[in-house]
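> Residues in the sequence shown are numbered from 0 upward in steps of one, following numbering that gives the first Met the number 0.
Some clues are possibly wrong.
Lysine-lysine pairs mimicking DSSO-like chemistry, simulated, CA-CA at most 27 angstroms apart [what the hints assert, rightly or not]:
(1) 252 x 308
(2) 155 x 116
(3) 349 x 252
(4) 252 x 319
(5) 387 x 308
(6) 218 x 362
(7) 79 x 116
(8) 391 x 188
(9) 308 x 352
What the hints contain is simulated information worked out from the structure, not anything from laboratory work.
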Amino acid sequence: MTASDQVAEASAQYLSETTGQVVPGGYKQTEVGAIPENWYCCNLGDALTLQRGFDLPQRLRNEGNVPIISSSGESGKHNKAMVGAPGIVTGRYGTIGEIFYIQEPFWPLNTTLYVSKFIQTSAEYAYYLLQTVDFDSHSGKSGVPGVNRNDVHQEKIAIPPIPEQTAIANALFDVDALIDELEKLIAKKQAIKTATMQQLLTGRTRLPQFALREGGTQKGYMQSELGEIPEDWGICELQDAVDFLDGLRKPVKSGDRAKISGIYPYYGASGIVDYVNDYIFDDDLILLGEDGENILSRNLPLAFRVSGKLWVNNHAHVMKPKSNFDIGYLTDFLEGLDYSLLNSGTAQPKLNKQACLKIKVVKPTKDEQTAIANILFDMDAEIQTLQKRLSKTRQIKQGMMQELLTGKIRLVKPAPKESANV
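Turn these sequences into a full structure, and let the hints guide you.
This is the structure in structure tokens:
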């Protein structure tokens, strides 16, 4: 889909007049605020019909190509569809608030609501319209667990004519396509970085300047307790690579932190938790999460580098590398490890200090450590740039939705005064 070139923005007069509670020219006041004169306000149930999905126990599922849609998205395949394409699905139980646009026949599970009838909206416009509905506020509203479609049907919405719905959906689909491409590119770059880490941090791939002996022959490998490593590398325990500074950590309860709010980052197991008006450390350090589900799930970095004035609570080990270790290399090495076998927690995963002291570290020369760290740093910088671009694009999309779905910005020239015809 492509966005329409006929962009007619609401004038500055719109913003100034609506701020002063005066309806600007070309708009009318409704229950959802000022909307274009050729739009109309109605209940969501007058524009589309939400229907509960269908039960499909695991034992009744057959191999096929039809996507099964749950409250969190596609969750399997079946050989029979219950709803044709295009379709819109959202969660009734479980994950609530996510909206899925399905472009092929599908089976919506009974934990979902799907649009069974598009009365006065296109499927594409309905996809974005439903993203503006606060489904959480309707969960359990009628005394019944989950989202009741009858409650959601009472939500007040603004509906433009079909041509404008199409223009709005086209513009937002274009932004979604860009977001999708950025997500794929980031995933590809992260996979390349992971593969590069596995090669460089184990010595399976040597950087050219470190691959040859003085006589020009190729360096070989030797057996070690960690398997095969380069002949000129060594192995040591983590306690020989860093100084642990855990004794300097100091936890501060949330209520107490509110009293000392400031500019210095307050770190926990997975990163910055808060900002306070004092600091414990002023150094270049490595933090390693001590507890929490991230030890196993690894949804966030577990080992990460911090610099400057900062505070650390008792949920992260604090380490300062010794002089013969590059901090970037050691951070990457620790982040690349699997900590599941070191977990000593039961109800909650935990890495105790004694286990961490004994972690085996592969040790190239410091020059090679630095060279490896620089390559991985550059790859990280590229990924972070893409992630910032992705975040900005998502913000732009949210802004576009807020403006387009309320009529503050028009993608078609306003029609002459007449009733909406949708």
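> Quick check: which numbered hints come out false for this structure?
none
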